[in-house]
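> Below, each chain spelled out in residue letters.
Protein chains: 2
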Amino acid sequence: MTSAVPAEPRSAHVHTPIPGPRSQALRARHGQHQDARTVHVYQDSRASAGNYLVDVDGNALLDVYGHIAAVPLGYNHPALIGAWREGRFDWAMGHRPALGVAPPAEWVDVVQALAAVAPAGLPHLLTVTTGAEAVENAIKAAFLRKMALRRGGRPWTADDLSQVMQNRQPGVNGLKIISFEGGFHGRTLGALSLTRSKAIHKLDFPAFDWPVVPFPASRFPLDVYAAENAAAEARALQQVEDLLVAWGPQVAGLIVEPIQGEGGDRHASPAFFRALRALLSQHQAAFLVDEVQTGVGTTGRFWAHEHWDLPEPPDAVTFSKKMLIGGCFLRPTLVPVEPYRLFNTWLGDPLRGAQAQVVLEVVAREGLVAQAGRVGDALVGGLQALQERYPALLSQARGLGTFAAIDVVDGPARDRLVDACKQRGLECGGSGDRSIRFRPALIFAERHVQETLDLLDRAAGSLS
Amino acid sequence: MTSAVPAEPRSAHVHTPIPGPRSQALRARHGQHQDARTVHVYQDSRASAGNYLVDVDGNALLDVYGHIAAVPLGYNHPALIGAWREGRFDWAMGHRPALGVAPPAEWVDVVQALAAVAPAGLPHLLTVTTGAEAVENAIKAAFLRKMALRRGGRPWTADDLSQVMQNRQPGVNGLKIISFEGGFHGRTLGALSLTRSKAIHKLDFPAFDWPVVPFPASRFPLDVYAAENAAAEARALQQVEDLLVAWGPQVAGLIVEPIQGEGGDRHASPAFFRALRALLSQHQAAFLVDEVQTGVGTTGRFWAHEHWDLPEPPDAVTFSKKMLIGGCFLRPTLVPVEPYRLFNTWLGDPLRGAQAQVVLEVVAREGLVAQAGRVGDALVGGLQALQERYPALLSQARGLGTFAAIDVVDGPARDRLVDACKQRGLECGGSGDRSIRFRPALIFAERHVQETLDLLDRAAGSLS
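First to last, the sequence lines map onto chains A and B.
Using my numbering, you'd call the opening residue of the first sequence number 3 and step up by one each time.
Using my numbering, you'd call the opening residue of the second sequence number 3 and step up by one each time.
Chain A extracted, bound-state conformation (with noise of 0.2 angstroms):
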């Protein structure tokens, strides 16, 4: 219990196959409970340390996929351990409180320190527990955001009361909120309209009847493909006006990402987010920005959207993942004018995110939102080195901070190439239908990139 904090390996080292026979045997035996076909290995935690995932086996993994990108100091930091061992969670440890009902005391300081990193112009806190639930919470707002605005002041009919009970409210089940091809916004039957990515995540759930419009992904290098990406963008910002201007009124908001996360690492210019913006305001539709995945400084700015230079800032922002707690950002015309519209018996965990205020610190005290800008101009230069050296396999490379991928020739190959790295000791993992994805913890520096690069040249010449 007082032992010290395991030190970070010098190196990743891998002795057995991955998953080893210990993993093996667990997932035996987990497997008799749960489904336990998607893990990759089980984790001894104790003895993981910074960027390396130690598995039960023994092996030491290099981690650039983060537990899907959402390990912010890597494993064990000092200052998350020093935390829990001087007591400073300890007003957690005897009861899961209901946040909306009788918080501890000590909430009032997480939600201070996680207001401190607000997006500018959102000092609105939602906190709850997951992404999903952050991407629903968002869009109620939104929703009821557009009904305020329709409504005009007046307040709601028993009419309306009595039709909502029944699931039948006229005007308001035709409300939409756009989204686009290749978006990841959750699971629940609400965020999972809005997720775009994979038919299987959709197939055999009912669907709200939200529009979808085309992502202007970037072809990279950008110098190269700029004209094209920029038709790209004109031709999607037109599909959404177009929606805007045949909905009309319906629509209450679109949701995008700032860089397709699970849908394939695709990006956009920040000139097309500006457009999306403006055109949105114009048109009284709420803009919907999900960091869930991109939040937390990996970008190589706190929020990913910081990038872009609004001139008018998002109506919401969404968190989870690297937060550890999820939740959302709302500017004020989004925060609900009666309480209880946004609510739920947990409204996130105490706990998780008294860990956030650790996290933010460390974050805070060690620059490493700059680290991760840094870093990831290091691991996406080293990105397009390998896709020179190896140009029937790889080839865009790009990245944002250390939120970086590179495509590989086919789906089957990227799977290959996938495993090829994990049995050399880079826990990594895909994104889209060929890309390897690249979530690193923002701890990760300049020599894990060097190691990082070193393993998949490996894992590459061995497909080749």
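FYI, nobody ran anything at the bench for these hints, they're computed from the structure.
It is possible that part of the hints are untrue.
Since the list gives no way to pick out one identical chain from another, each pair is judged satisfied if it fits inside one copy or across any two copies.
Derived SDA-like pairs: lysine to any residue, alpha-carbon spacing no greater than 20 angstroms straight-line [as the list claims (entries may be wrong)]:
1) K200 x W158
2) K200 x R39
3) K200 x A415
4) K200 x P213
5) K200 x P216
6) K200 x Q168
7) K200 x V339
8) K200 x D435
9) K200 x L163
10) K200 x H35
Based on the hints, put chain B in the right spot on chain A.
Chain B alone, transformed into the frame defined by chain A:
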């Protein structure tokens, strides 16, 4: 940090108005960033003990509300504190894992402990973070199973996959889940389409066109209203059957709470639920039992549906609240064939799961399920005596275990009575439009019943 666990106060004591000046000051600070209007009081988590919530003003409130039914062992139970201090959760302190990707080895033990309380016939466990997510996943399992039945072994088609990306799946979008008037199943848009407790929860949010049926809320005492209650249940069953016939293979399932926990503590008979189960089997629609509020022993059985003596088990049972982690148990027929169909980043929180493991140990060791049954009888008996004392104010005392309620003559009187209770040291809350609900922890004992009744008596007397 190594201070002893606080002793449970011998009784409630209140020396300020509720909320007191310190709670009010915290609310003002909290409200700068987050909606704090719903907060009753701010809690002193370290000073709270057993059944008594101690607030930041030093008031000790006997808590029969339990953070909306979410406190299993009261405050600072020695077993939870001891487990934390002995390092039993230390494996969870260094990062938050994606449980479907690289779970800590200890997670497999947690899963085994949770699986040990699986309802009979439902061995498969899916963990998530909240009750709403549990419901979303239970209905997703029902949709998958219904579509598998409808395909009859044929694979899905390329056309299915293409349509779904447009949110247009012929057949699928017409699938329906039936829910009951007064039911509460959460607030994400899928779950919210099933929720029918309060119009304000639903107003202005798009809903799926899913049907609602009346709930045959029993009138109490049951022996007096036996014939009337049986007739109401027969009518409700007929309406369910009519819907099943009318919608045919479009009905994927029906969801019901064993006792409507938000909608006014409305009960129905075991015979009603047995008949529902049979009807749904007959029509190949899933029987989904939402035990988010009724589960984990509070009704005197671990799962409330155990009171029904079902000849065939439910198809899914959801949980959250007193389990600290959310999830659902599934019958083998509802387990998806493919991996990743029911999936998300977190898949619950292993630390809350590990605390649940401790909770389940204490529940078993201390016989708390039987205690809830025994103490609940005393509570309901006492409420019946009180309603005889205040016949113009109180009626319909009812309960199963300590999951109990009493009606007040009208909504405004109920709200005044709840406040009068709080001012005297009883933290309680409403249910439906004019009930007071009791949701104490499982350590609620005979002496707490007596104090609850005394405080309620004094509060009722002050209104008369």
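> Hints first: check each against the structure and report whether it holds.
The hints, checked one at a time:
1. Proximity of K200 to W158 under the C-alpha cut-off of 20 angstroms is restricted to the inter-copy arrangement: shortest distance 14 angstroms between copies versus 39 angstroms within a copy.
2. When the C-alpha separation of K200 and R39 is checked against a cutoff of 20 angstroms, the pair qualifies only within one copy, where the shortest distance is 19 angstroms, while the shortest distance between copies is 40 angstroms.
3. Taking identical chains as interchangeable, the C-alpha atoms of K200 and A415 lie at most 20 angstroms apart only when both belong to the same chain, with a minimum of 19 angstroms there against 53 angstroms between chains.
4. With identical chains, the CA atoms of K200 and P213 are at most 20 angstroms apart within one copy only, with a shortest distance of 16 angstroms there and 29 angstroms across copies.
5. Taking CA atoms no more than 20 angstroms apart as the test, K200 paired with P216 passes inside one copy only; the shortest distance there is 14 angstroms, against 38 angstroms between copies.
6. In this homomeric assembly, K200 and Q168 come within 20 angstroms of each other (Cα to Cα) only across copies, at 11 angstroms, whereas the closest approach inside a single copy is 32 angstroms.
7. Taking the shortest alpha-carbon separations for K200 and V339, only the inter-copy value of 17 angstroms comes in at or below 20 angstroms, while the best intra-copy value is 37 angstroms.
8. In the homo-oligomer, the alpha carbons of K200 and D435 lie at most 20 angstroms apart inside one protomer (9 angstroms), although the nearest pairing across protomers, at 43 angstroms, exceeds that limit.
9. Taking identical chains as interchangeable, the C-alpha atoms of K200 and L163 lie at most 20 angstroms apart only when they sit on different chains, with a minimum of 9 angstroms there against 37 angstroms within one chain.
10. Taking CA atoms no more than 20 angstroms apart as the test, K200 paired with H35 passes in neither setting, with 27 angstroms inside one copy and 36 angstroms between copies.
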